[in-house]
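Under this note's numbering, the first residue of the sequence shown carries the number 38, and numbering increases by one thereafter.
Derived by calculation from the structure, the hints in this document are not laboratory data. Where is the CB? At the ideal position from N, CA and C, for every residue including glycine. Do not take every clue at face value.
Unchecked claim - The calculated label-pair distances, taken between Cβ atoms and stated as ranges, are: (1) R116 with M67: 22 to 30 Å; (2) R116 with A51: 39 to 47 Å; (3) C50 with E103: 33 to 41 Å.
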Amino acid sequence: TWLDAVRRLQETCANESPLELWRRVEQHPMVQYVPFQCQACGHQLPDAYPAPEDANLSEEQPMAAEEPYVRAGWFRGPRDAVVFVYRCP
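Let the hints inform the model, and build the full structure from the sequences given.
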(Lines of atoms letter the chains of each structure in order from A; the text may use other names.)
(Lines give C-alpha, C1' and ligand atoms only; values in the text may rest on other atoms or scores of the structure.)
Protein backbone atom coordinates (compact mmCIF):
# COMPACT_ATOMS: atom_id res chain seq x y z
CA THR A 38 0.00 0.00 0.00
CA TRP A 39 0.93 3.65 -0.20
CA LEU A 40 1.40 3.80 3.57
CA ASP A 41 3.74 0.80 3.49
CA ALA A 42 5.82 2.47 0.80
CA VAL A 43 6.11 5.71 2.81
CA ARG A 44 7.08 3.78 5.95
CA ARG A 45 9.75 1.91 4.01
CA LEU A 46 11.07 5.19 2.67
CA GLN A 47 11.09 6.58 6.22
CA GLU A 48 13.22 3.64 7.35
CA THR A 49 15.63 4.15 4.46
CA CYS A 50 15.92 7.88 5.18
CA ALA A 51 15.85 7.67 8.99
CA ASN A 52 18.51 10.37 9.47
CA GLU A 53 16.78 12.93 7.24
CA SER A 54 14.25 15.58 8.20
CA PRO A 55 10.51 15.17 7.50
CA LEU A 56 10.86 17.88 4.85
CA GLU A 57 13.50 15.86 3.01
CA LEU A 58 11.31 12.75 3.24
CA TRP A 59 8.43 14.68 1.66
CA ARG A 60 10.72 15.91 -1.12
CA ARG A 61 11.67 12.31 -1.86
CA VAL A 62 7.98 11.35 -2.00
CA GLU A 63 7.19 14.19 -4.41
CA GLN A 64 10.10 13.21 -6.68
CA HIS A 65 9.15 9.53 -6.82
CA PRO A 66 8.09 8.33 -10.30
CA MET A 67 4.90 6.83 -8.85
CA VAL A 68 3.47 10.30 -8.15
CA GLN A 69 4.54 11.97 -11.40
CA TYR A 70 1.79 13.43 -13.56
CA VAL A 71 0.75 11.25 -16.50
CA PRO A 72 -0.96 13.16 -19.31
CA PHE A 73 -4.21 11.93 -20.83
CA GLN A 74 -3.29 10.19 -24.05
CA CYS A 75 -4.51 7.75 -26.66
CA GLN A 76 -3.49 4.21 -25.70
CA ALA A 77 -3.18 3.21 -29.35
CA CYS A 78 -1.02 6.01 -30.82
CA GLY A 79 0.19 8.02 -27.80
CA HIS A 80 -1.40 11.30 -28.94
CA GLN A 81 -1.59 13.55 -25.86
CA LEU A 82 -4.67 15.65 -25.25
CA PRO A 83 -4.49 19.10 -23.68
CA ASP A 84 -5.12 19.11 -19.94
CA ALA A 85 -7.36 22.14 -19.75
CA TYR A 86 -10.81 23.01 -18.50
CA PRO A 87 -13.05 23.47 -20.29
CA ALA A 88 -11.69 20.83 -22.63
CA PRO A 89 -11.25 21.88 -26.23
CA GLU A 90 -13.90 20.50 -28.54
CA ASP A 91 -12.72 17.22 -29.98
CA ALA A 92 -15.05 14.91 -31.85
CA ASN A 93 -12.87 11.95 -30.86
CA LEU A 94 -13.20 12.57 -27.10
CA SER A 95 -16.27 11.49 -25.13
CA GLU A 96 -17.42 10.73 -21.59
CA GLU A 97 -18.92 7.27 -21.16
CA GLN A 98 -20.11 4.97 -18.43
CA PRO A 99 -17.30 2.74 -17.18
CA MET A 100 -17.18 -0.89 -18.26
CA ALA A 101 -17.64 -3.52 -15.53
CA ALA A 102 -13.86 -4.08 -15.33
CA GLU A 103 -13.27 -0.33 -14.84
CA GLU A 104 -15.96 0.28 -12.20
CA PRO A 105 -13.80 -0.54 -9.13
CA TYR A 106 -11.31 2.17 -10.21
CA VAL A 107 -13.71 4.98 -11.14
CA ARG A 108 -15.28 7.33 -8.63
CA ALA A 109 -18.12 9.79 -8.76
CA GLY A 110 -17.33 13.25 -7.48
CA TRP A 111 -18.16 16.89 -7.36
CA PHE A 112 -16.84 19.06 -10.17
CA ARG A 113 -19.05 22.06 -10.74
CA GLY A 114 -21.92 20.01 -9.38
CA PRO A 115 -22.58 16.36 -8.58
CA ARG A 116 -21.06 14.01 -11.09
CA ASP A 117 -21.54 10.32 -11.83
CA ALA A 118 -18.56 8.07 -12.34
CA VAL A 119 -17.47 8.37 -15.97
CA VAL A 120 -14.46 7.50 -18.06
CA PHE A 121 -13.02 9.59 -20.86
CA VAL A 122 -12.71 7.73 -24.12
CA TYR A 123 -10.50 8.94 -26.96
CA ARG A 124 -11.03 7.34 -30.34
CA CYS A 125 -7.84 7.53 -32.37
CA PRO A 126 -8.62 9.22 -35.71
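> Falls inside 22 to 30 Å, the C-beta gap from R116 to M67?
Replying inline: 26 Å, holds
> How does the Cβ-Cβ distance of R116 and A51 compare with 39 to 47 Å: does it lie in that range?
Replying inline: 43 Å, holds
> Falls inside 33 to 41 Å, the C-beta gap from C50 to E103?
Replying inline: Holds, since C50 and E103 (Cβ atoms, about 36 Å apart) stay within the stated range.
Consistency with the previously given hints is maintained throughout, with no hint failing.
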